[in-house]
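Undergrad: Each chain is listed here by its residues.
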Amino acid sequence: MSSRTPPLLELDRADVRRARTLARKVGKPVVDIASRHTTVSVERATLRLAGLSGADHERVPWVNHLVDAVREGVGLEHGVTQPVWDALRRGAAPDLLTLAQMASSRSVDFRLPEGKDATAAAKQSRQAVAHGIRTIDRQRAARERLVKRHGDPEQRPWIYLIVATGDIYEDIPQAQAAAREGADVIAVIRSTGQSLLDYVPEGATREGYAGTYATQENFRLMRAALDETSKEVGRYIRLTNYASGLCMPEIAALAGMERLDMMLNDSMYGILFRDINPIRTFVDQRFSRQVHARAGIIINTGEDNYLTTSDAVEAAHTVTVSQLLNEYFAKEAGLEDWQLGLGHAFEINPDLKDSFRMELSHALLARTLFPDAPLKWMPPTKHMTGDVFRGNLLDGFFNLVGALTGQGILLVGMMTEAVVTPWISDRDIALQNVRYVLNAAGGLTEDFHPPRDGFIQTRARQVLGEAIDLLQQITDEPGRAPLLEAIADGTFGEMKRPATAGKGLDGVVERADGYDNPATTLLETGATR
Amino acid sequence: MSSRTPPLLELDRADVRRARTLARKVGKPVVDIASRHTTVSVERATLRLAGLSGADHERVPWVNHLVDAVREGVGLEHGVTQPVWDALRRGAAPDLLTLAQMASSRSVDFRLPEGKDATAAAKQSRQAVAHGIRTIDRQRAARERLVKRHGDPEQRPWIYLIVATGDIYEDIPQAQAAAREGADVIAVIRSTGQSLLDYVPEGATREGYAGTYATQENFRLMRAALDETSKEVGRYIRLTNYASGLCMPEIAALAGMERLDMMLNDSMYGILFRDINPIRTFVDQRFSRQVHARAGIIINTGEDNYLTTSDAVEAAHTVTVSQLLNEYFAKEAGLEDWQLGLGHAFEINPDLKDSFRMELSHALLARTLFPDAPLKWMPPTKHMTGDVFRGNLLDGFFNLVGALTGQGILLVGMMTEAVVTPWISDRDIALQNVRYVLNAAGGLTEDFHPPRDGFIQTRARQVLGEAIDLLQQITDEPGRAPLLEAIADGTFGEMKRPATAGKGLDGVVERADGYDNPATTLLETGATR
Amino acid sequence: MSAVTSDESGVTELPSVLRPYGDQTGDGMVQVSFTLPMPNGKRAEGAALQLASRMGIEPALVVHAKAIGEGFTFFVVYGPVKHLVEPGLVEVVEREFPLLSGKEINTAIKRHLRRKLVVVGACIGTDAHTVGIDAILNIKGFAGEKGLEYHREVKVVNLGAQVLIPELVERAREEKADAVLVSQVVTQRDAHISNTTAMSAAFREAFPAGKVPLLVVGGPRFEEGSAGSLGVDRIFGRGTTPGEVASYLVHALVPQASVSRQSKGA
Amino acid sequence: MSAVTSDESGVTELPSVLRPYGDQTGDGMVQVSFTLPMPNGKRAEGAALQLASRMGIEPALVVHAKAIGEGFTFFVVYGPVKHLVEPGLVEVVEREFPLLSGKEINTAIKRHLRRKLVVVGACIGTDAHTVGIDAILNIKGFAGEKGLEYHREVKVVNLGAQVLIPELVERAREEKADAVLVSQVVTQRDAHISNTTAMSAAFREAFPAGKVPLLVVGGPRFEEGSAGSLGVDRIFGRGTTPGEVASYLVHALVPQASVSRQSKGA
Ligand code: B12
Ligand code: B12
Ligand SMILES: Cc1ncc(COP(=O)(O)O)c(C=O)c1O
Ligand SMILES: Cc1ncc(COP(=O)(O)O)c(C=O)c1O
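Residue numbers (our numbering), protein chains in the order written: chain A, 17 to 545; chain B, 17 to 545; chain C, 534 to 799; chain D, 534 to 799.
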């Protein structure tokens, strides 16, 4: 972390407190709703933690078969584990995998155990799931060990680079090359559309579009390759992937077990940009964040995305509001400050007078509001054009803001943003750009002192004020969960998403009174068995 | 001029005074030497002011023929005008041009007039030369009128762009295009080697190497074209060319008569980088600067060049010393502060830690030492490579220093610096770069406050200290003009140039007691007749 | 379909052949960059020159060569290209319809179609880039022009992103769509091409010949002139404005109106 | 002269053909930019595509088109180039001499030449770029290596810049130069080529055959392999170090020494 957290903005502390209080007020009802529901993906994630993996010959994962069969048989209101371990206890199959295989042809009858049967099923399922949780714990310890051995990057911000060939075997050497050239964090961009698959693909994959499928095997291959490179370059190279989407809980579980280090996980991205049902999203999000909290994974939120559909000046305060909500939801799920890679982006029209200073002001606002979070600073995308020479220049000024405002994670911008997914040379040019700016100009923080009530302070206060007003407005919305109303109204990213529509709605199930999920219990209590 | 001259460095006023005193001490003996000599080019310039122009069929200018003939006949110790107007009075030829033509075949006998003849010749030559001086005065007034009509650029720094096709007819549309895209000053780079020609080429030219010949007609054509463009774009577009070289006095005279607005004119560039004899240079320089002073032309000095042969960190103080000397020589020749485009450059190795801040420090030092001079800020050249993407980035950070330190004139850097003389597209990309930086980040001056005794202040003080030490050392050199010794020792740009060698030495003539030059008289007294 | 012209009207003042321009007429100068999967060194530099020469750059200068990892080298090359450019041979797709004002559009539809013109829009496949199609359809519009929704006589059904092709065909049928507008922004591995051809095939299968709605695709990276091979009626590229699209729809679907203006336009 | 090899030693692991690499093996992707002397518009874009296609880029995408003034348009084009690169056909000019240490150089000259080796250096024509030749000749050197002056057994006469050819020939004769080293940095309108050929012609005219000093030119923009056509013995390019030059001189002028090491080197 940058040793110095610049107290440059002189925000009114009362305003900051007020903003947080409002965020809690807006977020709490949604957490309550999330706690009263489960989803097919939460249940599948639980089975994955219990050790069920693999897929049939059509690549449909066994967890999907089993959850679907249970749902058809007895419903998911009590969770998937009760009927499943009850069936195992009853000897319907010798093990979980066989049970799932039999269930895929609907040759198992499930029932909801009661009394002692229920207690026994609960106990055995908890044992099974605890196994997965301990794998996560072990991976977290392994990460801590490796970081100690190889070391953290020397500088802040950490340099975050994306790889997106669609083919894990092309991704690997590119990621390794990038790390050798200075990348601290590698993100493997996911194949477009994966987030809408209601299952997690299996195995090593070579056929993604504009990204590579997120699979357990791809996670494993890349993490192993980067472990080697970490040794070679003498610093621990972090690996990132995307949790967002219909399988958020499962991917979070896989990431924890395969030692990914950061995960894209936003409370609203799926809703707004993927038209995933809001309830589905909030339920999945809470579970996935509990997993990330346990795994010591840093989450990356997606506020940058809003600025691709809304204007970055007019909608600046929506970013702040979303950051406050992401913070609230994250802490509620057990994440700590150092795990909050809250997002924001350099997306103001560069032709605007003083656009660079406005970026500075917005970036400082985030820095000041969340002094202990490793903010993730996202590069220009919307105003990038096919003029790659200009593109590299803009990226340089983006990097300068990153350095001047003490950002934690710098997502490296590419000059070809408006043209193609990054080429190998684009990454190289981009890293050279970052190195120049951090090395030659990074120390400029010493000389950067926005004066009291100057342009930068004034703008930051204005944005914070607008954020407070918006939060206030949201709390004034009707209904039990005003945030859901606000999302339905198009408050964020100009997307209107009612809670009664969207993809994955049919995978949402209201919990019955006897609902049991040993994963949730282990995560919420911190227990290991 | 930037409304605000940042007092950011807190230099010790006594140090600054000391530096100036030393510069005067070093410069004065050289001025004395310059006042005791004339050169062939000073005499030719005088004839040009008196209206003699054109060349023979081999393109040898008539002024060269006439000066050479006089020199052969009676020597130049008394100046060229006495023998020439004496010959005219004696009816050797009906007019100056015919006289020169006759002199070229050595069919005129010159003598040194005495008594009344001498007085009459002096009077008539003064009348003739005063004509040229009044042309210069009229052009200066015309410039003032046009600036009033079309306006000055809206922003500081003024944007200075070079054109260098070698063909005046390709230069013109390129210059006009550049002005439309935002250039405030157009410099037509001169054909390589012209500065070593001991005559000024004639007419419109299409065959330069890496630049276009500086000729009176090329000056006229370009100025006329830019006058049109000034009208079109609603701001007065300034035109620059190069005085330096063996014909410095003549080119200065032509520039004054053709209304150029700025001229490259350095007290030592010709000596160091063109191996022109030091005495020749100082004599020519003094005369040319007197002309520039009269013409209201802004001079541009060449300190940037030193940093291409010396290291920009180690030799930073030599730039300061040269600026102080250029200032002294300029003021002695009658130039005012607003005419002193003192040079400095962004030439520190960009891979050096904190290189950008060191550039800021050096640029601020110049700004603080010369608060009323329109400093000329030169782009990176030495550390530019064939990586044009990186090149455009470096130029962006160069532009940022220009904006942050209130430079007066920004010479626009080109991404192809290490590859070719600029292409039309390079200029366009470069201007776009400048526009972005000035517009988006220019206001950052508000937030830029190097702290007391921080990196930037400390470095600036160090450089000033080293400059004072060097000036002190120079004054300690032996001989009547220690500066000449220092130049001979390789103090500047690591070039050793003894006063007894170098090109153009044979064109230097010690003045006799009766030496008369009406141009010098008119320039020094400010008289118009 | 679009009128392809090679008329010389626009080129009369242009020479019949010309070359790229660096800083002198006819110098032919170009800049090229690429990566070769070879370790940096003399052989790689030679290979870069070989490629440049095969591209017609001669003499080519490798002005920058930089190793990327161990097996790759990035090059920047400058030089004159020997090829000539013949502007006269360029087939310019001229706009084949007049640009109409909002009022003209409404009037034309009202008078000549006598019902609302129905447009169904979507991003298909897994493409979630809606900014482009929204720019065309939503009231908010683009580049200062209001989107299609703004026109009283146009009914817009915007299905949003990630619409499956069967779903799109079904909705088009339900809504009795006159035109189907589809956006495709992701182009990696030619996703836009396969999605578009699949889409047009589905429509041609689902509707009787002559009853297929007008098929329009748009996005920043379609090749001009490829509408035919994609099986659609028209392509709109980078920087399209809603007014252009509305005018085209009237031209293509409201024949009277377009005839009555044709003379003045284009 | 320099040994041209096309041995496969360096390429054994390389495939016999390969293509530029964007983000996938074999994708052939390149980036190109150039300006056409045409007003921006559809025709100019078509002309840009025409040129790209003549360069072998297909399909080419014009990703950026910007008017420069009225009569010019700047383009950025991306796309796959259809040409193949054949590394095996690249003629690599291998260093034809072993690299010697400073001590080896002095010893070789002392033992086998038995007098100082005399080198005359200059920038000729109007070229005033001395940094390059100084880097080779002056003690200060380049890239951490001392320049030729540093060697006890080498006598260096550095004439500086803007030396006229007759002057250079004269000095070479006076000094009984073993080698003449000339730098040329300015290349606009091929100034470096005409200056170099004029120089070599002058030497061949002034000296009897077999007595011409070794002629060496250097500068960042000479084409490799053009020494022959320029009439000089060797060219040194971008990034040359003084050690390379000294070793070459010993190799070319002190035959014994170079033979005694040859086996180990190159
Ligand atoms: C905004 C944006 C996003 C937003 C989209 C938000 C939204 N609701 O649309 C978010 C953040 C969600 C996003 C996500 C992704 N994106 Co995106 N994104 C962009 C970005 C920055 C701008 C696109 C844009 O909005 N342009 C502005 C609009 C107005 O222009 P337009 O789309 O060209 O539309 C105009 C014309 O083309 C035409 N038009 C377009 N469609 C139609 C349709 C019709 C019928 C008509 C008539 C006209 C028409 O009219 C419009 C107005 O003139 C570009 C980079 C860039 N600067 O271009 C990348 C870019 C398009 N994205 C890209 C990628 C890869 C993705 C991801 C797949 C990455 C990943 N793997 O996670 C994801 C997933 C999205 C998906 N599956 O589609 C790549 C595509 C690469 C390629 N060529 O294949 C780009 C180029 C970035 C890059 N270099 O990698 N992205
Ligand atoms: C420094 C410099 C200057 C300095 C020169 C100072 C000096 N005493 O040398 C000054 C400021 C005086 C100058 C002036 C001009 N310059 Co200049 N300058 C440069 C610059 C920035 C760096 C050149 C350099 O020093 N490189 C470092 C040295 C170490 O590299 P090198 O020369 O390549 O040498 C190495 C090898 O090539 C080789 N080598 C070179 N020579 C020899 C000789 C032998 C025998 C051997 C064995 C090896 C060898 O070994 C060296 C070490 O590795 C370049 C731009 C750039 N970044 O490249 C422009 C550049 C070379 N200049 C250029 C121009 C046009 C000029 C001017 C003509 C402009 C004008 N019209 O006023 C003037 C006039 C100079 C003239 N007539 O020659 C152009 C040339 C364009 C072209 N390709 O034709 C360039 C490329 C800038 C540009 N883009 O316009 N310049
Ligand atoms: C928070 C977050 N999640 C996910 C994604 C990508 O999601 P998808 O795989 O749905 O394209 C993004 C996009 O950059 C994001 O910001
Ligand atoms: C002060 C000065 N004069 C002249 C020149 C150019 O001189 P020449 O024409 O001798 O190359 C320069 C070079 O940039 C310069 O800085």
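For the record, the hints were derived by calculation from the structure and aren't laboratory data.
Values in this document were obtained by computation on a predicted structure and should not be read as measured data.
Warning: the hint list may mix true and false statements.
Each computed DSSO-like pair below joins lysine-lysine, with the alpha-carbon atoms no more than 27 Å apart [to be verified]:
#1 Lys247/A with Lys599/C
#2 Lys599/C with Lys369/A
#3 Lys615/D with Lys599/C
Here are the in silico distance ranges between beta carbons for each label pair [as the list claims (entries may be wrong)]:
#4 Glu170/A with Ile672/C: 49 to 57 Å
#5 Thr491/B with Asp28/A: 55 to 63 Å
#6 Gly167/A with Lys615/C: 32 to 40 Å
#7 Val664/C with Leu521/A: 20 to 28 Å
#8 Gly530/A with Arg685/C: 41 to 49 Å
#9 Pro741/C with Glu546/D: 33 to 41 Å
Here are some of the chain A residues that sit facing chain D, going by a computed Cβ distance under 8 Å [claimed, not checked]:
#10 Glu160
#11 Leu162
#12 Val163
#13 Thr181
#14 Thr401
#15 Gly402
#16 Val435
#17 Thr437
#18 Pro438
#19 Ile440
#20 Glu462
#21 Phe464
Glycine residues also receive a C-beta, built at the ideal position from the N, C-alpha and C atoms.
Undergrad: Indicate, hint by hint, whether the structure satisfies it.
TA: Verification of the hints:
1. At roughly 24 Å between alpha-carbon atoms, Lys247/A and Lys599/C fall within 27 Å of each other, so this suggested pair holds.
2. The suggested pairing of Lys599/C with Lys369/A is violated, with an alpha-carbon distance near 37 Å, which exceeds 27 Å.
3. At roughly 23 Å between alpha-carbon atoms, Lys615/D and Lys599/C fall within 27 Å of each other, so this suggested pair holds.
4. Between Glu170/A and Ile672/C the CB atoms are about 51 Å apart, so this pair conforms to the stated range of 49 to 57 Å.
5. Restraint check, Thr491/B to Asp28/A: a C-beta distance of roughly 59 Å satisfies the suggested window 55 to 63 Å.
6. A hinted range of 32 to 40 Å for the beta carbons of Gly167/A and Lys615/C is inconsistent with their spacing of about 53 Å.
7. One distance hint, 20 to 28 Å for the beta-carbon pair Val664/C and Leu521/A, holds here, with the actual separation near 25 Å.
8. Roughly 57 Å separates the CB atoms of Gly530/A and Arg685/C, a value that falls outside the hinted 41 to 49 Å.
9. Between Pro741/C and Glu546/D the C-beta distance comes to about 59 Å, which lies outside the given range of 33 to 41 Å.
10. For the restraint placing Glu160/A at the interface with chain D, the shortest Cβ-Cβ distance is roughly 34 Å, beyond the 8 Å limit, so the hint is violated.
11. Evaluation of the Leu162/A hint against chain D yields a violated restraint, the C-beta minimum of about 29 Å exceeding 8 Å.
12. Of the supplied interface hints, the one on Val163/A is violated, with its beta-carbon coming no nearer than about 30 Å to a beta-carbon of chain D, more than 8 Å.
13. Restraint check, Thr181/A versus chain D: the minimum CB separation of about 5 Å is within 8 Å; hint holds.
14. Annotation: Thr401/A was flagged as interfacial toward chain D, and the flag holds, the nearest CB pair being 6 Å apart, inside 8 Å.
15. A distance limit of 8 Å between C-beta atoms decides the matter here; for Gly402/A the minimum to chain D is near 3 Å, and the interface restraint holds.
16. The restraint placing Val435/A at the interface with chain D holds, with a minimum CB-CB distance near 5 Å, inside the 8 Å limit.
17. With 8 Å as the threshold, the beta carbon of Thr437/A comes within range of chain D, its nearest partner Cβ sitting at about 6 Å, so the hint holds.
18. Restraint check, Pro438/A versus chain D: the minimum CB separation of about 7 Å is within 8 Å; hint holds.
19. Contact between Ile440/A and chain D, as hinted, is supported at the beta carbon level, the nearest pair being about 6 Å apart and thus within 8 Å.
20. Taken as an interface hint, Glu462/A does not check out: its beta carbon lies about 33 Å from the nearest beta carbon of chain D, beyond 8 Å.
21. Evaluation of the Phe464/A hint against chain D yields a violated restraint, the C-beta minimum of about 33 Å exceeding 8 Å.
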